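J.: Sequence:
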Amino acid sequence: MKATKYVELGTDWQTDSAIECCTKDPADTPQSCDCCYDGWVIELKKVKLDYTRAKEKANQLSDHYRFVSTQRDKLKAWLDDLVKADQLARAVCDQLEITSSHSSKICTNSGKSVESIEILFCMVRDIFEQADYLLTVYNQIDNCIRCLNSPDLPENSGIRKCLKLYLEKLEAVIKTRNELLKAMIAAIKIANILHEEICSDYGLVKIIEEWQVILNCDEKCGGDPTPCDPCKDQAENNETAVAECKLIPILTLPVCNDPYYAWVKTKYDQDVAEANDLGAQLVAANKIKESLAACQSSLIAAIKEVNPKELCK
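Quick note: the sequence shown uses the numbering used here, first residue 5, plus one each step.
Simulated from the structure, these hints should not be mistaken for lab results. Misleading hints may appear alongside valid ones.
As the list claims (entries may be wrong) - Result set (SDA-like, lysine to any residue): computed pairs, CA atoms no more than 20 Å apart in a straight line:
no., residue 1, residue 2
1, Lys173, Glu214
2, Lys109, Glu200
3, Lys80, His68
4, Lys61, Ala297
Being a predicted model, the structure only gives us computed values, none of them experimental.
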């Protein structure tokens, strides 16, 4: 019987051959009255030693597997957070792109609006200048009529009545000038403020562009950054990685191309591979341990059945 492989004795182990073995004469230097018993006792010692070794190896593999699995799970959680952060940053970039597009359109439209309102203001101003000119002409005509003092041009009749009605309409138009010009000036002011807030060198469009640069929105995933262990790098610089409170690592965007992200992903992949390998080793070690345990139990049972103290009395 080999110590590393369990062979089931079966139900007919105590056959004639076993009985014959037990009835053999002892050797010249017998250890007992049964040669089978002596061999099994020696084999049991070897099996116990092998079982102890197998059990210790399985325990060590189990502890190692538990440690690596725990580290793998922590890295997976951190990696998921980094992936989520990268996705959120990408979502921010997408929204910035949309906002930038709309802001550029608003910038163009606000510029055209300023030009249009200024043109409209000039047209309105020209209308009132023409109204002032017409009022001047009316005053000249009225003065001429008054100077003539002709009975052919009685007041409130004929042409003088028409001129009076014309004056009323003209004055009504002129009275709207102040309020209309105030509204026009306010519209020009608001349009210019809107245009400047969006389109100037420090306006919304430039701010959005600056944020797009800060977030590296134009950079796509797919780079090949060198993995970077921040604690190791800090230790190499003769700094204490734990004793001093430092914000490390400082991630760069996009996260998918950051060296620390590459380090976490690489370490996670290594731990996954190591955990899988340790898991396979642990299964194999447990099989050997259980096999030796069964072998040990069988030998103990067999030795008990052929114990010379009971059979050779």
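J.: Now look at each hint and say whether the structure bears it out.
T.: Structure-based check of all given hints:
no., hint, verdict
1, Lys173 with Glu214, "violated, 57 Å"
2, Lys109 with Glu200, "holds, 14 Å"
3, Lys80 with His68, "holds, 18 Å"
4, Lys61 with Ala297, "holds, 14 Å"
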